[in-house]
Each structure stands twice: as structure tokens, then as C-alpha cells.
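Colleague: Quick mapping for you: the protein sequence lines, in order, are chains A and B. Residue numbering for the first sequence follows this note's numbering, beginning at 1 and increasing consecutively. Residue numbering for the second sequence follows this note's numbering, beginning at 615 and increasing consecutively.
All clues stand as given, with none of them false.
Derived DMTMM-like pairs (lysine to aspartate or glutamate); straight-line CA-CA distance at most 25 Å:
hint: 1; chain 1: A; residue 1: Lys589; chain 2: B; residue 2: Glu909
hint: 2; chain 1: A; residue 1: Lys47; chain 2: B; residue 2: Glu791
hint: 3; chain 1: B; residue 1: Lys727; chain 2: A; residue 2: Glu570
hint: 4; chain 1: B; residue 1: Lys875; chain 2: A; residue 2: Asp569
hint: 5; chain 1: B; residue 1: Lys727; chain 2: A; residue 2: Glu608
hint: 6; chain 1: B; residue 1: Lys872; chain 2: B; residue 2: Asp902
Hints in this document: simulated from the structure, not taken from any laboratory.
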Amino acid sequence: MSAEPEVQSEHAPGDGCQQKPVEVVAITPPNTLRRRMASFAEVGERKTRYSLPEELHSASPVGYRRRVALSREEAEDALQLLSLERPSGFGAVEAIEEGELFEECALGVMSARQSTNFRGHRQVSFGPEDSVRLAHVLRSLGHLDAPVLDNASYTHVVLSRPYRTPFTLLLTLIGHKPVKSLLTVPYRALRKKFWHEDDIPSVGYLQQLHVGILADAMERAAVVASCGRRRAQVFSAPFCSEPRRKENRPMLRAIEEMCGLTSTERAQGWRVALVAQVGRALPGEGVSLSRELCRKIGANLMAFRSERIQPGSNADESAPEEYQHDQGMVVPEELTVMAGRAAYNAFAHWTGCDRERAKRLMMLERIDVLTPAGQARIHEVQRGLDEVTDRVIATLPTWADLPVGRAFSRNAERGRKAFGLAGQRIYIGGLSRREVARAGLDWDQCVRAIGACAARSGLVAELMGVMELPEGCDLLAGLCLMAGPVNQNDIGKAFYGQPDLLAKTFEGRDPTSLLVWTLKAKTVADPIGNEEQLMNPRRQGKLVDLRPGPHEVVQMARGGRLEPMRRRDEKVNAERAFGDVNNFVVDPKGRGIPGNKGAAWPATWRREAVWEVK
Amino acid sequence: MQTGTQNEMVFEALPALGPLYVKAAARRRAVPTPQTELKALSARVDRVRIDHDELARYRALCGIADHGVVPLPYLQVLATPLHAAIIAHADFGLPALGLVHLENSLHQHRAVKVDEVLRLSARVDEGQWDERLGYVVSLVSEAYVGDELVWESRLRALSPVRSKRSKQTSSSRRAPEVGERQGARVSVMVRAPEDLGRRYAAVSGDFNPIHLHAWTARPFGFDRAIAHGMWTLSRAWGEVQELIDVQAPVALSVRFRKPVKLPARLWIAAWPADDEAGGFEICCQSPDGRLTHLEGAVQVGRGVSQVEHA
Numbered sequence: 001m002s003a004e005p006e007v008q009s010e011h012a013p014g015d016g017c018q019q020k021p022v023e024v025v026a027i028t029p030p031n032t033l034r035r036r037m038a039s040f041a042e043v044g045e046r047k048t049r050y051s052l053p054e055e056l057h058s059a060s061p062v063g064y065r066r067r068v069a070l071s072r073e074e075a076e077d078a079l080q081l082l083s084l085e086r087p088s089g090f091g092a093v094e095a096i097e098e099g100e101l102f103e104e105c106a107l108g109v110m111s112a113r114q115s116t117n118f119r120g121h122r123q124v125s126f127g128p129e130d131s132v133r134l135a136h137v138l139r140s141l142g143h144l145d146a147p148v149l150d151n152a153s154y155t156h157v158v159l160s161r162p163y164r165t166p167f168t169l170l171l172t173l174i175g176h177k178p179v180k181s182l183l184t185v186p187y188r189a190l191r192k193k194f195w196h197e198d199d200i201p202s203v204g205y206l207q208q209l210h211v212g213i214l215a216d217a218m219e220r221a222a223v224v225a226s227c228g229r230r231r232a233q234v235f236s237a238p239f240c241s242e243p244r245r246k247e248n249r250p251m252l253r254a255i256e257e258m259c260g261l262t263s264t265e266r267a268q269g270w271r272v273a274l275v276a277q278v279g280r281a282l283p284g285e286g287v288s289l290s291r292e293l294c295r296k297i298g299a300n301l302m303a304f305r306s307e308r309i310q311p312g313s314n315a316d317e318s319a320p321e322e323y324q325h326d327q328g329m330v331v332p333e334e335l336t337v338m339a340g341r342a343a344y345n346a347f348a349h350w351t352g353c354d355r356e357r358a359k360r361l362m363m364l365e366r367i368d369v370l371t372p373a374g375q376a377r378i379h380e381v382q383r384g385l386d387e388v389t390d391r392v393i394a395t396l397p398t399w400a401d402l403p404v405g406r407a408f409s410r411n412a413e414r415g416r417k418a419f420g421l422a423g424q425r426i427y428i429g430g431l432s433r434r435e436v437a438r439a440g441l442d443w444d445q446c447v448r449a450i451g452a453c454a455a456r457s458g459l460v461a462e463l464m465g466v467m468e469l470p471e472g473c474d475l476l477a478g479l480c481l482m483a484g485p486v487n488q489n490d491i492g493k494a495f496y497g498q499p500d501l502l503a504k505t506f507e508g509r510d511p512t513s514l515l516v517w518t519l520k521a522k523t524v525a526d527p528i529g530n531e532e533q534l535m536n537p538r539r540q541g542k543l544v545d546l547r548p549g550p551h552e553v554v555q556m557a558r559g560g561r562l563e564p565m566r567r568r569d570e571k572v573n574a575e576r577a578f579g580d581v582n583n584f585v586v587d588p589k590g591r592g593i594p595g596n597k598g599a600a601w602p603a604t605w606r607r608e609a610v611w612e613v614k
Numbered sequence: 615m616q617t618g619t620q621n622e623m624v625f626e627a628l629p630a631l632g633p634l635y636v637k638a639a640a641r642r643r644a645v646p647t648p649q650t651e652l653k654a655l656s657a658r659v660d661r662v663r664i665d666h667d668e669l670a671r672y673r674a675l676c677g678i679a680d681h682g683v684v685p686l687p688y689l690q691v692l693a694t695p696l697h698a699a700i701i702a703h704a705d706f707g708l709p710a711l712g713l714v715h716l717e718n719s720l721h722q723h724r725a726v727k728v729d730e731v732l733r734l735s736a737r738v739d740e741g742q743w744d745e746r747l748g749y750v751v752s753l754v755s756e757a758y759v760g761d762e763l764v765w766e767s768r769l770r771a772l773s774p775v776r777s778k779r780s781k782q783t784s785s786s787r788r789a790p791e792v793g794e795r796q797g798a799r800v801s802v803m804v805r806a807p808e809d810l811g812r813r814y815a816a817v818s819g820d821f822n823p824i825h826l827h828a829w830t831a832r833p834f835g836f837d838r839a840i841a842h843g844m845w846t847l848s849r850a851w852g853e854v855q856e857l858i859d860v861q862a863p864v865a866l867s868v869r870f871r872k873p874v875k876l877p878a879r880l881w882i883a884a885w886p887a888d889d890e891a892g893g894f895e896i897c898c899q900s901p902d903g904r905l906t907h908l909e910g911a912v913q914v915g916r917g918v919s920q921v922e923h924a
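Looking at chain B on its own, in the form it has when it is part of the complex (with noise of 0.2 Å):
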């Protein structure tokens, strides 16, 4: 049930994505231009208690080990259901189809237990035009035990219009250097099966079509189904959690690049960042290095600002 002013969304529990996808889909609403304005939507739940076998599955499925505390992108995951909420809003001012995840910014400022009871927000924070883009749209969501934050995120999406630029030909593309940068801690092949999207889609929730099979990502111009990008940050998380302290404040900070067209064989790596702050840099690519999926950095300790983006 959903409570609230006409723009402050508050739910009893995390509401169903389902019916907001089609909500927003439904929706018709005009392509953003320099002049879009965004109205300052939000959405809350108070109480939020996070399902033990529902993380086992995600965990399972991300490949992210139990260290007693809940991975850090797995409130984003919890935070989509608000996010959509927000887009399927009548008052959201830009398309929902078609809606490209851009970056991700995560914040823990603690470690959050699996049993603490969160309150869980998400706002609108600003638009921007980006006359090579177009329309940027970041979403800030936050988490708090009691009053205090323990976590929060910036996501910014992209609601991409068509632009006249020539796409840059293959043959202008600088070949990328072979191998493994020096002093790598994590290089690993990871394989993302074809059915991925789906089982992704029932541990998320998030039954977006472009994620579920070939036939319903083609009419989004996708000739494949591609997979969740959270689970792409997520699977690398896996790996990177092994790296750093979990139980410390960290900040992560990833930029999306090209997606991941299932099946798929991904390399994922992380080595330590050039900065003395101990951090570690993360990359995942195609075996070969010619596409960048997923690109960003981890930042751990007291002190953590929210990372730049890479």
C-alpha cells in the first residue's frame, strides 16, 4: 500500500516490480530535450527486513561468499523496486523504456547485519542534459538502521535520444594491450549462461524483457538477451569482497560500458589502485579485452569519500 504527498511515495513493504513495469511501459511520455525538467519524486519503506533465503539465492547466484553481513550491492538490489516506483510516477518525465544504467555509486558506511531492520529510501536527485548522451537522470537511495545511515547509493541513468554523430568505425578503435595488468590480485574467466537473465530476474525481481530471452530483448534492438548490469557489479563483487575488509566502510564506484550479450565468458580483474588509500581497481572485459562491460573502483577504510567514477 502506498501512502504519502502527491511526490513522496511511502510503502508498507517493497512493492511488486511487476506491476510497475508495466505502469511504466504504459506510460506515454515525450523524448527529453535540453529543457526537461525532473520534479523531486521520492519513495520510502520504514521497514524493511531483509529475506534470509532470498540473499542465499542472490549470494548463490552472484557467487558472493557468506561473511555475516549483507554484500554492498545487494541494498541496490533491494532499492530497485523503489526506483521503479519512481519511474512508473506520473509525474517522471522521461521515457521509462529504454531507460541505459549508467553508473553506480555505492556507499557502506558500516557493515549492515542481515538481521537489522532498514529504513529504505530513494529520490530523484538531479537531470542533466548531455548534448552527446542526452537526458542523465541520477537516483540517490539511502539506508538507515534507526537514524543512522549505514548506506547509500547514486545511480545515474541515461534516457538516450538519437544523435546525428558518426558512431566511431572499429578501425579508428586503439587495439587494447593483451594480457593482465601487473600486480593483478583477481583474474578470473566467469561464464554467464544464456538463461542467466532469468534466473537473475527471480532472485531480483527484476523481469525486464531485454534480460529474459533473445526473442523479447530483440524488439528493444537487442539481438540477444543481455544480463542484469547488478549482476554483473555483483559477480565481480564476489570476487572483490575476497580483497578488502568488509566489515570497514567502503565506497564502490562502477561505470557500465557495453552490455552483456548472453551466453557470454567474461574476464574479471581487480589490481590495487595507483592512490596510497589501499584501494583496488576493477575491470570486467570480454576474454579478449576488446569490450569493456563494467569498469570502477573500490575504496575501503575510515574516512572513504564517495568514489569518483572511473
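The shape of chain A in the complex, shown without the other chains (with noise of 0.2 Å):
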């Protein structure tokens, strides 16, 4: 357990180098190597978790894939990815083909989001000639974390609305007291619905984290997009908080209407979020990748975002085999220290700080869990996230659940198994409100760096994890990123007294804890009846978001229009972002899930430049 920043600079704090490279780390296998061995159930078998879906009817760019392995040379290129600078200008402007356009947007809007995600971004994609506007517009705008750049050969304009799922929707009947609930809970039902007031503070922050990990992505799917070629420069600091907002209204207002945000969607909460510049590299700060890695690299990202990987042990009774061994395998020092190292990078990247004051600011807490005081701390937290769901059942009004069968209660009793903690690095992620504000810094900026640091340190393990991948695994490692036991926590500091899960490791400093994430070392993936879940409507696409399609996201302006990415008349997107490294998931025979390969988009319409170049 370690409350100290885990990486010490080698830079002089405020030398000007916010990006320190981040460098391989080889992980060992096993001996035995194990993999999921995934099959169809047989006619008349009863269909589990770890049975392959039946078909795959989707339009998103996603699909159910597998990882692909990167050889050491390829990983170390690929790790430039987590240390970018931000680019000091653009090229010549260019036309972009619908091709890459759309898998720039799949790395991006439509796969950045992990798995307790919600359908709270879109996106709307200018040509070079709007981008002139907008730069203009930028140019105005006050609190930029970076300079408007000129010869944009697109922008993106993300929008999001606040985090609202089944699970929040619970949270309105959670802290009342009895009688008097029959009115604080409408009362508070109404704010939240009119006002986007949250119950908790954590589920506010949660609409920051996606759109930090978001913009970390974007940063990212231009250059492997363009296999190097293109940059860039994603603004999100002048669309935080409510302040800068208000600041900043007449040019936001200028945005949104570009964008066709509507008085109804605005009611509904959507604002802009964040803006991305993207153009071609100027000579030097191009990113040296070639066109077959930057294949690899997106048909693994495309892999890593397929999963929705369990936080617990998936190892219970009825598990096939491979589940069912302890492969011994520890997540190396070195490659912590790495996964630090990246979130630093973020920190400082997206807060515009130096490295030594975002290691200061930041709190991490690592839990060893192997450890017998990792243990013991992971037994104390479960402890208190466990009272907090006794407390949540035992105080819900019984005027709303028991007319719905109880299920508000048994949705609860659920959570006890999904905040279950496990791994073997185990981080939880936080900040002070008062250092912040006394760093001068705005706190949802700060917030949404955390999730761009908790997605970019937990890249490094996924890409570490298919360094020199064996054929018969198909992992070395991987991670877990979630909300839900700080979310938990938060419930209790509202509405029970307990203390935050940083409380006692940062005692004095005011900590808000705001991500879990864990890191694991292991050769077999999570049971593929998880990611049905994203997938498949029928199997649970209620409690969590389905993955959307390119129509269902992105619009591009064009013409002097807004049109929606991929549909064309009846047509719609079914071709799997990077599908030609063929990493699609198979049974033991070779036989694919039906309709995952999905099918190209007619090679006309990806090769049309979306935007004419004058």
C-alpha cells in the first residue's frame, strides 16, 4: 500500500516536459497457458455466461473480438500513443476519406466509454471550411488549455449529457426519511429531472470521468487512424464547470447551434463538452507508426473496449475449467510504476500542471492485494461498502418498492457483487477540493483528468498484456476500470457519515475519491457472456448501454446540413472498425458468431473524401 506518487521525475518541476515516455514492460506467462475456450451451446444445452452468443446484431463498429498480439518492437512504438504532446500546428489541409473518418470516430465517440457506460456523447464532425468558424470561435472562448491551431482539416464537437442510468434512478429513493420521503422523493425526482441536480456528487463526476477518458481517446484515434499522419489538438477546459460555462456562454451558444442542439436536448442536459482540432502533422511531430501496427493497435483497442470485464472473481462453481485455476501470475512492479507513470503524463497533460504538481495533487492508493495488509485493507473497504448496501435495502421507502416486486431492493442486493473488489493492483484514484482550488485549478477539469489518467495507465497494461502474447493465451494482462465502489462510498458519506474510501491513507488532506481501477495479470478473458451484455438487447441491454452504431452518434455537417455517419437510405453501418486483422472472436472449430464480421462498407462511399478540399 502506497500513498506516495509511485514514479519521481527525472525533470526539474517546471522544465516544460509534461510527457515522460512510458517503456515496456515484459510479462511472463505461465507455465501452463490457459485461454477461453468459448463454444455454442449445443441444441437443448442451457446457454450460460461463458457460452458464445448466438448471432451479433449491431451497427456498431465494435463486435465481439479478441486481442491481438504485438511483438516487442511493435509494443514500444505503440507506446508512444501514451505520452503525445500536444501539437504546435497543422499542415496543408486535406481531404479525409469516409474510411478513415469513421474509424477515427470508432476509436473515439463510439468505443472510448467503458463498460458501465451510458449513451451520453455525441458527436458532430465539421469540415475544413466550418473549422475556420469554429477555430475563430475557439480563439474566443476564455480558459483554453491549449492555442487554437489554424488549417484544421476537421474538427469534432463531442456533447454529453449527465450520467443517468437504472442505477441513478434508484439513488432518488436512497438517504429519505420514512413518511417524510413521500415528498423529498418526488422533490428530489423533479430537481434532478428539471435541474440535473445528482443525488450523490460522484454521479456528477461520473459525466466528467467518460469525458476525460474521451478525450484521451480522441487524442489517440487521430493518430492511429491516420497511421501517424494526423494530430490532434482536443480543447476541454473551457467547457467544465458551471463558471466557465457561464463565461464562455455567447461562443458555447455559437457551438450548439452549429451542432443543432435543440431547446429540447438542451432541457435534457446536453451541452458541448469538448472540441477537437485534427489535421495533418507538421514534419517532426508525426508519430512514427507504421500502417500494419496501427492496424493491430486499433483492432486492440477495438478488443479491449468488446469487453466488459467483471471487477470480482469469475471463478465460480459451474466456471468451465480454465476458469477455475489460480495461474500464479503477479502484475509486475515495473509495469505499476509504468501504469503510474502514463497516469501522470495524463494528469499533467490534461490539466496543463507540471509532472511533479499533478504527482502532488493527484491522490493514488495502491492496494496490494496479494499482500496480507493489501488484505486487509481490501476486507476493510468491502466492509464499508457492505454496511452501505445493508443501510441502502434496510432505508429504501417501501412505498416505492414493493409496488415493483422489490426490485429497487433486490437491484441493490445486486450491487454487493458488482462493487466486489479484486485483482492484484488494486487503485483507487482521487483528489482534494482544497489543494485543487488552491492549485488554481478547476475541480470538474481536474475530475475529467482522472479518467483520462485512470483509461491511459490502464492502456499500459493492456498493451503490455499482449506484448509477445502466446498463441494459447488471450491476455497477459488487463484491467478493470469502474465507478461503482466509489459510488457506493459516496452514498455513504451523503447520507450515513461514513468516511471517504481515501480518508484514512490521506488523512488531513479532504480527499474525494472518484475511480477504482485494478489491474490483473492473467492468460484467460472474461467470460464472453459479459460483453452479450453490451451487445445483445435481449440479455440485460436495459441495465447497460448498448454499443452504438456511427448513425446513432455522429453526424457530420455537410452541405450545410447535419447528416447522420453510416446510413445511408435503408443501409446502415455494419462493418467492424479495423476487421481486416480478422480478430474476431471463434469457437473451438473455427466457427464465428453470426453477423460479428459484420460486412464492409461499399468501398465507394469509404473511399469519398467527406469534405472537399478548395
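The task is to assemble the complex, starting from two chains supplied on their own in separate frames and drawing on the hints.
Modeller: In C-alpha cells:
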């Protein structure tokens, strides 16, 4: 367990070097290689979470994917993506092919969100002419995180709305006094609906965390989709908190008007969250990545995001044999160092503060589950979370719970399993409001940065988990990123007087925990039934968000109109991004899931320039 | 307007399908027997210009991208009124109602540009008695640009007869192998909504009542409206054409199996054929693979022969 920053910077504070290179760390596979050998349920056999899904009917670019092995050299090259500095300018405006734009968006707005996500992002993309207008508007904004660049070939505007899911519906019922709840529940529900107020602060942070994760992904997406030819300048700071939004209101309204945001959508809470200018990299600022490697990285990113990874142990009694063995693998210490380095890179990048200050501000508690101290700590955390669950169930208003057959309390009970913490290195990330304010930083901007930190440090584990991946393994290391334990703890803080998860470790610093992520070393991927929840509307599709198709979340501004991406009359996208790498899930006989491979978008449409360049 | 000899109909423009259906339905004909003989009827239009708007609507409904050439199945759609004229002819020896589209082979000798003027013809080629099924008629269609044969097709339709053979029970049927074949290049789920038949009818002019609504399909023995076979074929073609060079000579051969009852979801798959000719096999099934609606093969390149039915 450590509260201290894990990496000591070699640069003096404020020396201008924000990003520190992340280095490869090999993970030794165990002697006995095992992988997920999921197959289709036989006729008459009961389908379980360990069976392959019977079909996939989805317009999403993700699909059910497997990880692709990278050589050590390839992994070294890929890690450049975790320490990108901002571009200083763009080269001449260039036309972009529809296929490249699709794959860039596939790595960004269509897949950046983690598994416990919500359909809370949309994107409008503008061509070079509109980009000039947008650049003009951006220059008028206060609190810009970087200079606005000329010559953007296109610009993405991301809209985001408050985090609302069945979980937040349940929250409306929590923390009320008996009898009084008849009034306080509707009152809170109304405030939530019309004023977008959150029941507990950490639900509000979720929106920001997701935006932070997306911002980080978009920066990489532009590079990967263009094989290093293009770079993205992503602006997040002017759109973060309410005071900043107020200050920038006329400009934000102008952007929202360009995006065709209606008053109804505004009332639903949709707002501009990010703007990303994308353009040709200047000489020396391009990222040197081969096309073959970019295809592999893209396919891997699809594979990482295709999984809905469970935080807890997957080996229940009915699990197939490959899940029943402890593989004895440990996340190497060097990997956690590099994961920490990537996290600090991300925090420094997205807040604009130098690395040393980033280390001081970020609160990262690391729990090494395999040590006795770690075990004790994890039990302590778990006890606290269970206590909250008990009290939530005990105090739920009966008048609301009974008519729905106690669905709310059953849902709350299920949370106990969902918040079960397992893994080998568990990180609890947080910040202190007081310290952030003292540093002159914006709280929401820092929350976004924490999202980016977690995603980027997790990506270190995910990429190293495919380096020199032996044939008989699905992965060597992976990540589970979750906000559930933080939300549960926040309920305890808000209504039952519990301390913050980080309060003990960072005593006296008034911490606010924001995210939990665990690094795992293993060779067997999680049951594909977990992934099916993300893809199949008949499998709990209402509880977790289904992967969106491009026509559902991306619009392209062309000829003064907003057109959904990849919807042409009756036809919508069925192409899986980076599908040429052919990393689709198959059964042991090599048979694939019907509909999983999809079909290529017509070549003539794919090759079309989205916007003409004069 | 129709001219020509008794057995050869020559039209100035493609005839409207509606009146032909009425005419065909009104004619009473005997149930076919092994002795039934078919006359060598034919129909022709000498100048057919493709209506760009109609073609665009067809492409939109069938999800076929515009590669600057006429989609291979579209000429079959254009030839349908000529087939209807033959079937409605007084000397056509089979009952018009209840003819079932069994197989279709389409052969593009060269890509047809959308602005080219075509001579389109159709004729009865042969009739065969099949003990198991009934009477099978072959209709051949051809498209010429000047004197150059650019496209031809052979459509086989069945005039079914009731047989005493017992239907295969579901228990004796082998369960389909789950999952898609190795090396599949296309594997996509497609939605066929309830109003598809009406919308495709508006595009193709084929207002056969079995396609329009469950109510109009019921008198013909279907509990729901069924999708046009040519829509199913065209929709599959929309995916498959992306795998091949559409400018090259192409031969497509399909067999229609179970009808697609609307609304439905379909699984369209294509995978490389076992031969070395670089062709593909295609299949359109229900998502669980239990019902096969269409199966066939595509061959590409010079020297492709009329493909055999799968």
C-alpha cells in the first residue's frame, strides 16, 4: 500500500517537459497456458455466460473481438501514444476519406467509454470551412487549454449529457426519512429531471470522468486512424465547470447552434463537452507508426473495449475448467510504475500543470491485494461498502419498493457483487477539492483528468498484456475500471456519515475518491457472456448501454446539413473497425458468431472525401 | 402497345405489371401434368432506358452502393414485366397463381452502364415435369446493347402439384451447425420490416398480393406477407458486390428455399468458394440458421460459365 507517487520525475519541476516516455514491461506467461475456450451451446444445452453468443445484430464498429499479439518492437512504438505532446500547428488542409473518419470515430466516441457506460455522448464533425469558423469561436473562449490551431482539416464537437441510468433512478430513493420520503423523493426527482441535480456528487463526476476518458481516446484515435499522419488538438477546459460555461456562454451557444442542438436537448442537459481540431501533423510532430502496426493497435483497442470486465473473480463453481485455476501470475512492479507514469502524463496533459505538481495533487492509493496488508485493507473497504448496501436496503421507502415487487432492493443487493473488489493491484484515485482550489485549477477539469489518467494507465496494462502474447493465451494482463465502489462509498458519505475511501490513507487532506481501477495478470479472458450484455438487447440491454452505431452518435456537417454517419437510406453500418485484422471471436472449431464479422461498407462510399478541400 | 406474331410479343415499352397480373389471375388453367406442353412464347422490348430515379430507389431499398453500373439483379427486375406478359398469355400452359420462384442464374457478360439503351427479351425455354415437385418452367431473359449480349438470366419457376408424400418431420431434420463458416467475408444481420413488401412493390412494380400484407397473403396460404425473392437476392447482392470487381463478367446463381415471412431478421453470409476461381458462396438464413431462405454462388472474371445451381 502506498500513498506516495510511484514515479520520481527525472525532470526539474516546471522544465516544460510534460510527458515522460512509457517503457515496455514484459509479463511472463505461466507454464501452463490457458485461454477462453468458449463454444456455442449445443442444441438443448442451457446457454450460460460462458457460452458464445448466438448472433450479433449491431451497427457498432466493435463486435466481439480478441486481442492481437504485438512484438516487443511494435509495443515500444505503440507506447508513444501514451506520452503525446500537444501539436504546435497543422500542415496544409487535407481531404479525409470516409473510411478513415469512421475508424477515427470508432476509436473515439463510439468506443472510448468503459463498460459501465451510458449513451451520454454525441459528436458532430465539421469540415475545413466550418473548422475555420469554429477556430474563430474557440479563440474567443476563456480558459483554453492550448492554442487554437489554423489549418484544421476537420473538427469534432462532442456533446455530453448528465449521467442517468437505472442506477441513478435507484439513487432517487436513497437517504430519505420515513414518511417524509413521500415528499422528499418526488422533490428530488423533479430537481434531478429539470435542474440536472445529482443525488450524490460522484454521479455528477461520472459525466466528467467519461468525458476525460473520451478526450484522451480522441487524441490517440486521430493518430491511429491516420497511421501517425494526423494529430488532434483537443480542448476540454473551457467547457468544464458552470462558472467557465457562464463566462463562455455566447461562444458556447454559437457552437451549439452549429451542432443543431435543440431546446429540448438542452433541457435534457446536452452541452458542448469537448472540441477536437484534427489536422495534418507538422514535420517532426507526426507519430512514426507503420500502417500494419496501426491496424493492429486499432483492432486491439476494439478488443479491449469489446469486453465488459468484471471487477471480481470469475471462477464460480459452474465455470469451465480454464477459469478454475489460479495461474499464479503477478502484475510486475515495473508495470505499475509505468502505469503510474502514464497516469501522471495524462493528469499533467489535461490540467496543464507540470508533472511534479500533478504527482502532488493526485491521490493514488495502491492496494496490493496479494499481500497481508493489502488483504486487510481490501476487507476493510469491502466491509464499508457492504454496510452502505445494508443501510440502503433497510431504508428504501417501502411505498416505492413494494409496488415494483421489491425490484429496487433486489437491484441494490446485486450491487454487493458488482462492487466486489478483486485483482492484484487496485488503485483508488482521487483529489482534494481544497488542494485543487489552492492550485488554481478547476475541479471539473481535474475530475476529467482523473478519468484520462485511469484510462491511460489501464492502457499500459492492456498493451503490455498483448506484447509477445503466446498463441495459447487471450491476454497477459488487463484492466477493470469502475466507479461503482466510489458511488457506493459516496452514498455512505452523503447519507450515513461514512468517511471517504481515501480518508484513512490521505488523512488531513480532505480527499474525494473518484475512480477505482484494478490491474490483473492472467491469460484467460473474461466470460464472453459479460460482453453480450453490451451488445444484445435481449441480454440486460436495458441495464447497460448497448454499443452505438455511427449513425446513432455521429453527425457530419456537410453542405449546411447534419447527416448521420453511415446511414444511407435503408443501409446502416455493419462494418467492424479494423476488421481486416480479423481478430473476431471464434469457437474452438474456428466457427464465428453469426453477424459478428459484419460487412465492409461499400468501397466507393468508404473512399469518398467527406469534405472537399478547395 | 403490343405487336408481333402470336407467340412473340413485342412491346414499345415495358408493360405495366398490374393489368398483367389481373389478366393472368383471371385465366383458368388446368393443373399441370407430365403431359403438359409449353409453347415457345416470348416477349421483347427493343429500347429500354433505365430510369435513374427508379434505379436509385431500388438501390436505396436494397442497400446496393452505386458503382456506376447497373446492379446485376436489377435487369432481372426490369425483365419481370416481360415474364408477366408471357405468363398472362392465353397460350401459357400453367396456372399463373401459385408459381413459385425456385432458382435464378444471372450472367453479366460485361458491366452495363446506366445510360446504355438495352434490348430486353424473355422467352419460355423449357418445361420439365418433376415427380417430387410438379412442373418446372424455365424462362430465359437477355439484354443486348446493340448486337452485343451483355446480360442473360435463367429463372426457374415451379407450378406445384399436391403430392401424397409425407412432409419431413422436424425431428428427422438434422440440426444446423451453429456459427458462421471459417473464412466468412460477410456475416451480417439485416432487418426486413413488415412494410418491406409494399415498399419493394412500389420500386419494382411487383404488386403480387402475397407480398403486400398478411391479409392479402392469407388467401394464398401464407399467414404473413412474404418478402419478394428478388429483394432477398438484391439485398444479399448489396453485400456481396463489395467483395468482387463489379466491372468484370459475373455469374450469380441462387436457389430460393423458404420464404421470408415479414417482419423478419435475416443473416446474410458469404465466404470464398472451395474452387480456385475466386468466387464466393452466399447464403441468407434466419439468424439461428434453422431456415435457409436463399443460397447460391458467385463467379467472377473472364470465362465464367453459367454457374450451376448450388
